[in-house]
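Colleague: Residue strings, one per chain:
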Amino acid sequence: MTFTTKLDVFEGPLDLLLHLVKVNEVDLADIPIATITDQYLEYLDLMKALDITIAGDFLVMASTLMHLKSKMLLPKQEQDMEEIEELVEEIVGPLREYMQFKEAAEDLAARNVLSRDVFKRASDTYFMIGEGKEGTTAKVNLFELMIAFKRVMARQFPDTVLSFEAETWSVKEKIAEIKKRVEGQKTIYFSELFSSKGSISELIAIFLALLELVRVGFIAIFQPKPGDDIMLQAFK
Amino acid sequence: MNNSLKLIVESLLFAAVDPLTPRQIHGLLPERDLKEIKEVLAALKDEYEGMKRSFTLVEVAEGYQFRTLPSYKPYIANLLGATPTRLSRPALETLTIIAYKQPILRQEIERLRGVDVGGIIRMLLKKGLIRVVGRKPLPGKPIIYGTTKRFLEVFDLKDLSSLPTLKEIEELGNGEEE
Amino acid sequence: MNNSLKLIVESLLFAAVDPLTPRQIHGLLPERDLKEIKEVLAALKDEYEGMKRSFTLVEVAEGYQFRTLPSYKPYIANLLGATPTRLSRPALETLTIIAYKQPILRQEIERLRGVDVGGIIRMLLKKGLIRVVGRKPLPGKPIIYGTTKRFLEVFDLKDLSSLPTLKEIEELGNGEEE
Chain A
1 MTFTTKLDVF EGPLDLLLHL VKVNEVDLAD IPIATITDQY LEYLDLMKAL DITIAGDFLV
61 MASTLMHLKS KMLLPKQEQD MEEIEELVEE IVGPLREYMQ FKEAAEDLAA RNVLSRDVFK
121 RASDTYFMIG EGKEGTTAKV NLFELMIAFK RVMARQFPDT VLSFEAETWS VKEKIAEIKK
181 RVEGQKTIYF SELFSSKGSI SELIAIFLAL LELVRVGFIA IFQPKPGDDI MLQAFK
Chain B
1 MNNSLKLIVE SLLFAAVDPL TPRQIHGLLP ERDLKEIKEV LAALKDEYEG MKRSFTLVEV
61 AEGYQFRTLP SYKPYIANLL GATPTRLSRP ALETLTIIAY KQPILRQEIE RLRGVDVGGI
121 IRMLLKKGLI RVVGRKPLPG KPIIYGTTKR FLEVFDLKDL SSLPTLKEIE ELGNGEEE
Chain C
1 MNNSLKLIVE SLLFAAVDPL TPRQIHGLLP ERDLKEIKEV LAALKDEYEG MKRSFTLVEV
61 AEGYQFRTLP SYKPYIANLL GATPTRLSRP ALETLTIIAY KQPILRQEIE RLRGVDVGGI
121 IRMLLKKGLI RVVGRKPLPG KPIIYGTTKR FLEVFDLKDL SSLPTLKEIE ELGNGEEE
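Residue numbers (this note's numbering), protein chains in the order written: chain A, 1 to 236; chain B, 1 to 178; chain C, 1 to 178.
If you are wondering where the hints come from, they were derived from the structure by calculation, not from laboratory data.
One should not assume that every hint holds.
[As the list claims (entries may be wrong)] Derived DSSO-like pairs: lysine-lysine, alpha-carbon spacing no greater than 30 Å straight-line: (1) 38(C) x 73(B); (2) 127(C) x 141(C); (3) 126(B) x 149(C); (4) 73(B) x 52(C); (5) 167(C) x 158(B); (6) 149(C) x 35(B); (7) 141(C) x 35(B); (8) 101(C) x 127(B); (9) 167(B) x 136(B); (10) 22(A) x 101(B); (11) 73(B) x 45(C); (12) 45(B) x 45(C); (13) 48(A) x 76(A); (14) 73(C) x 179(A); (15) 127(B) x 167(C); (16) 52(B) x 6(C); (17) 149(C) x 141(B); (18) 136(B) x 158(C); (19) 172(A) x 6(C); (20) 45(C) x 141(B); (21) 73(C) x 126(C); (22) 52(C) x 52(B); (23) 158(B) x 102(A); (24) 6(C) x 149(B); (25) 73(C) x 172(A); (26) 172(A) x 149(C); (27) 102(A) x 101(B); (28) 6(C) x 45(B); (29) 101(C) x 172(A); (30) 149(C) x 136(B); (31) 73(C) x 38(B); (32) 73(C) x 45(B); (33) 38(B) x 149(C); (34) 158(C) x 149(B); (35) 126(B) x 38(B); (36) 102(A) x 172(A); (37) 126(C) x 127(B).
[Stated by the list, open to error] The calculated label-pair distances, taken between Cβ atoms and stated as ranges, are: (38) 184(A) x 39(C): 36 to 44 Å; (39) 112(A) x 52(C): 27 to 35 Å; (40) 164(B) x 171(C): 29 to 37 Å.
As the structure is a computational prediction, the values presented were derived from the model and not from experiment.
Note that beta-carbon positions come from the ideal geometry of N, C-alpha and C, so glycine has one too.
With the sequences and hints as input, model every part of the structure.
Modeller: Shown next as structure tokens:
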């Protein structure tokens with residue numbers, strides 16, 4: 001699977017098509033459909049050979065291309081020409097728009113970007129919380145914690161819509177519990193905290209207790225890499 | 001106190017983290033005319049441009065902000081150390097589509113890019129570059145997205161109308177065959 | 001690049017968060033003499049003093065730093081008080097709970113957060129982000145809180161229904177991380 005990252009550079013079918021148009025040095029107005037279709041399919045074959053999962057979008061485009069190619073190979077009549085033109089537009093239209101935005105994106109990136117090319121005074125805290133600026137030990141911010149929490153909830157209560165409910169569980173109790181666990185062990189994992197099959201309100205209480213402990217700097221949280229289980233340690 | 005309006009406004013701009021609009025400054029100095037404040041801002045901008053220092057007053061995000069000139073970038077980058085948050089190409093393209101087509105639904109962005117953009121939208125929301133503008137009166141009340149003031153600030157844009165017009169893709173001709 | 005040492009040093013002082021010592025600046029510009037840097041700093045300080053602007057270059061114990069003059073303090077204090085960008089994490093959490101659960105009693109907020117929120121509520125009231133919605137017909141007639149129009153403005157929300165739900169955030173999938 002180490003190949004994946006090297007080969008899978010195309011984000012989606014439009015990205016791949018655009019690449020093929022560029023490599024073949026052709027105009028959008030005059031795309032050699034047969035050639036492009038063959039190259040497109042070759043690429044998909046390569047992905048298959050390397051056991052790379054091919055996203056559905058790639059397949060949809062593949063069938064559109066093949067349909068168009070077969071139409072073009074057949075002897076043409078007036079009616080077919082119209083249909084072919086429509087099909088071409090179905091492919092070229094989005095491609096044209098896509099190129100337009102790609103260029104606009106490049107223009108945007110070429111501007112004097114703040115904190116890259118030009119700098120303002122003082123720090124850039126803005127509204128986003130959790131940059132760890134206030135001397136807290138959090139390496140993961142509130143947003144990520146929230147998402148991690150949602151994951152736990154989704155696992156235990158697949159069909160529940162989460163809302164803040166007045167709870168029967170005390171956050172204070174949970175704070176004491178977590179403190180004890182973290183002090184007893186060197187590292188505990190976020191998922192372990194929620195391993196018991198408690199009620200929603202209990203899970204919320206645990207979560208809020210955790211937030212509080214992080215906020216006051218009692219617990220340090222780490223994440224080896226995005227998406228990994230979050231690790232909790234007593235902060236020394 | 002005998003400070004001139006010009007220097008009072010300057011002190012506010014100097015201390016502020018975000019760009020200040022004439023209206024915001026007026027809110028802080030209600031006894032002064034909005035018109036007067038606008039004049040002072042324009043005068044300050046001219047003055048700083050003429051002074052040829054390492055920083056200047058820039059009109060950005062519907063307001064004014066002191067910023068260093070681009071040529072000092074290498075020194076300051078060394079000072080601040082941390083590499084600036086860089087947007088990936090897919091993220092930048094998504095942001096561009098939102099900027100030009102706003103207010104826009106997630107589905108429309110996905111149609112234009114041909115791929116799922118959920119994760120990117122979340123990241124852009126988190127970075128404060130885009131925002132929820134409202135909801136569309138459609139089944140499921142889907143969220144509509146737009147860019148923020150922060151977007152204007154980061155990309156050195158005075159307002160949305162100063163986004164360059166989209167270029168026509170030239171090789172296309174008129175779309176007529178042969 | 002043809003920037004004078006003076007302006008390079010100025011740009012560093014402008015962008016720095018903390019005061020810079022001559023030695024720190026020397027560390028960033030190792031090809032320049034420490035002595036030269038010290039001279040430039042002294043010259044800059046004189047220059048700014050002579051310019052009689054609203055800010056100046058001050059020699060503080062740890063180095064040099066641009067600071068506004070004391071006489072502008074009242075205006076800047078107003079500015080910093082008015083910008084709600086300085087919400088601490090607990091304040092933001094409390095505000096989030098009020099936004100999603102309004103109308104809500106202080107006790108309920110405290111139950112959810114597990115700590116006293118009296119100080120935070122006062123601060124949020126003062127910043128105009130929350131308001132007293134009414135009183136609950138309970139013993140002691142406890143106050144019920146909700147968010148204000150200002151809250152919507154500050155968070156760029158059209159109305160309360162535009163607040164994305166946790167579920168919607170979840171549906172966006174995973175954001176790319178840098």
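Colleague: Run every hint past the structure and note whether it holds.
Modeller: Right, here's what the structure says about each hint:
no. : hint                        : in the structure
1   : 38(C) x 73(B)               : holds (22 Å)
2   : 127(C) x 141(C)             : holds (24 Å)
3   : 126(B) x 149(C)             : holds (23 Å)
4   : 73(B) x 52(C)               : holds (27 Å)
5   : 167(C) x 158(B)             : violated (35 Å)
6   : 149(C) x 35(B)              : holds (26 Å)
7   : 141(C) x 35(B)              : violated (48 Å)
8   : 101(C) x 127(B)             : holds (25 Å)
9   : 167(B) x 136(B)             : holds (29 Å)
10  : 22(A) x 101(B)              : holds (26 Å)
11  : 73(B) x 45(C)               : holds (23 Å)
12  : 45(B) x 45(C)               : holds (22 Å)
13  : 48(A) x 76(A)               : violated (34 Å)
14  : 73(C) x 179(A)              : violated (44 Å)
15  : 127(B) x 167(C)             : holds (19 Å)
16  : 52(B) x 6(C)                : holds (12 Å)
17  : 149(C) x 141(B)             : holds (22 Å)
18  : 136(B) x 158(C)             : holds (12 Å)
19  : 172(A) x 6(C)               : violated (57 Å)
20  : 45(C) x 141(B)              : violated (59 Å)
21  : 73(C) x 126(C)              : holds (20 Å)
22  : 52(C) x 52(B)               : holds (17 Å)
23  : 158(B) x 102(A)             : holds (22 Å)
24  : 6(C) x 149(B)               : violated (33 Å)
25  : 73(C) x 172(A)              : violated (42 Å)
26  : 172(A) x 149(C)             : violated (33 Å)
27  : 102(A) x 101(B)             : holds (14 Å)
28  : 6(C) x 45(B)                : holds (22 Å)
29  : 101(C) x 172(A)             : holds (21 Å)
30  : 149(C) x 136(B)             : holds (21 Å)
31  : 73(C) x 38(B)               : holds (22 Å)
32  : 73(C) x 45(B)               : holds (22 Å)
33  : 38(B) x 149(C)              : holds (26 Å)
34  : 158(C) x 149(B)             : holds (15 Å)
35  : 126(B) x 38(B)              : violated (33 Å)
36  : 102(A) x 172(A)             : violated (52 Å)
37  : 126(C) x 127(B)             : holds (27 Å)
38  : 184(A) x 39(C): 36 to 44 Å  : violated (60 Å)
39  : 112(A) x 52(C): 27 to 35 Å  : holds (30 Å)
40  : 164(B) x 171(C): 29 to 37 Å : holds (33 Å)
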